[in-house]
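S.K.: Okay, here's what each chain looks like letter by letter:
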Amino acid sequence: MNDMLIAVTLLLVAATATAAVAARDPVRQALVLAVLGVALALLFTVLQAPDVALSQLAVGSALTPLLLLLSVRKVRRRGRRKGRTE
Amino acid sequence: MNGWTVTATVALAGGGAAAVWGVATGPLRRRVVAQNLSTTLACPALLLLAQGYRRPSYVDVALVLALLGPIGTLVFARLLAEDLHEDPPIGLTLTWVAVAFSAAVVAAVCAATGPGRAMVKLLVTGALMISGSLVASRALARGMPKGGDRHE
Numbered sequence: 001m002n003d004m005l006i007a008v009t010l011l012l013v014a015a016t017a018t019a020a021v022a023a024r025d026p027v028r029q030a031l032v033l034a035v036l037g038v039a040l041a042l043l044f045t046v047l048q049a050p051d052v053a054l055s056q057l058a059v060g061s062a063l064t065p066l067l068l069l070l071s072v073r074k075v076r077r078r079g080r081r082k083g084r085t086e
Numbered sequence: 001m002n003g004w005t006v007t008a009t010v011a012l013a014g015g016g017a018a019a020v021w022g023v024a025t026g027p028l029r030r031r032v033v034a035q036n037l038s039t040t041l042a043c044p045a046l047l048l049l050a051q052g053y054r055r056p057s058y059v060d061v062a063l064v065l066a067l068l069g070p071i072g073t074l075v076f077a078r079l080l081a082e083d084l085h086e087d088p089p090i091g092l093t094l095t096w097v098a099v100a101f102s103a104a105v106v107a108a109v110c111a112a113t114g115p116g117r118a119m120v121k122l123l124v125t126g127a128l129m130i131s132g133s134l135v136a137s138r139a140l141a142r143g144m145p146k147g148g149d150r151h152e
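Protein sequence lines correspond, in order, to chains A and B.
Counting in full-length UniProt numbering, the first sequence runs from 1 upward without gaps.
Counting in full-length UniProt numbering, the second sequence runs from 1 upward without gaps.
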C-alpha cells in the first residue's frame, strides 16, 4: 500500500544523486550532498529502517558538508597565500 | 495507507521537487535557501510518517533532524559568509510556508496522540524544529556576525 510513498522518495533520491554528480563546483556539490543525506534518511524511514536513518542523518546532513567546506576553505586560502608570495 | 501517509506523500512530492530543483540550479544564494527548505520540510514529513505507521519511536528521527538540520544550514551560513554577503539570499517565502506547515502538522499529530509523555516529546520536537528553522533562515538572510573576515 505504501508503494506510492516509496516511489516518491526513491525518485527524490535519484534526482538528488544525479544533481550531486552533475554539479562541478565543490561548494554547490556540498549543498546538494546535504539534501541527498536528508532524502536518503527519508527513504530509510519509509523502508522501516529508522536506525539507519538516524546514522545517515548524523553523517549526511551536517558532517559531510562541514568536511567538504572546510577542505575547500583551506585549499582556497593556501592558493591565495601562494599567489601572494610569487 | 491512511491520511497521514497520503499527506506525507503529497508534501514530499511537492516540496521535495521544489527543494531539489532549487538546490540543483540557479545562483548560490538560492541554493542555500533550498537546502534549508529541504530540512524544514523533511521534519514534519517524518512526524507524519511516524503517526501514519503507528510507531511513536520513529519520532526520534524527526527529533534528530530538528537538531541537526539547522546546524547544517548554519555551517553553510558561516563558511559561505563571504559569498553570501555580496548577494544576500532570496526566496525565503517557501521556507515560511514550510514552517507554517510544520506547525500545523505538530498540532494535528498532538491532537491525535492525546495528552501524555508522547505529546511532550512531540511538542519539544516541534519547538526545536520551528525555532531552528527560524534561526537558520535569519542567519542566511542577515549574515553571520563577523563571518568570514576573522581569518583574513
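Honestly, the hints are just simulated from the structure, not real lab data.
For every residue, glycine included, the Cβ atom is placed at its ideal position computed from N, Cα and C.
Treat the hints with care, as some may be off.
[Claimed, not checked] In silico SDA-like links for lysine to any residue, alpha-carbon gap of 20 Å or less:
(1) A:74 <-> B:82
(2) B:121 <-> A:54
(3) A:74 <-> B:83
(4) A:74 <-> B:78
(5) A:74 <-> B:67
(6) B:121 <-> B:82
(7) B:121 <-> B:56
[Unchecked claim] Which chain B residues stay away from chain A? Per the calculated CB distances, all over 12 Å, these:
(8) 13
(9) 118
(10) 134
S.K.: Check the structure against each numbered hint from earlier and tell me which ones fail, lowest number first.
M.R.: Violated hints: 5, 6 and 8; rest satisfied.
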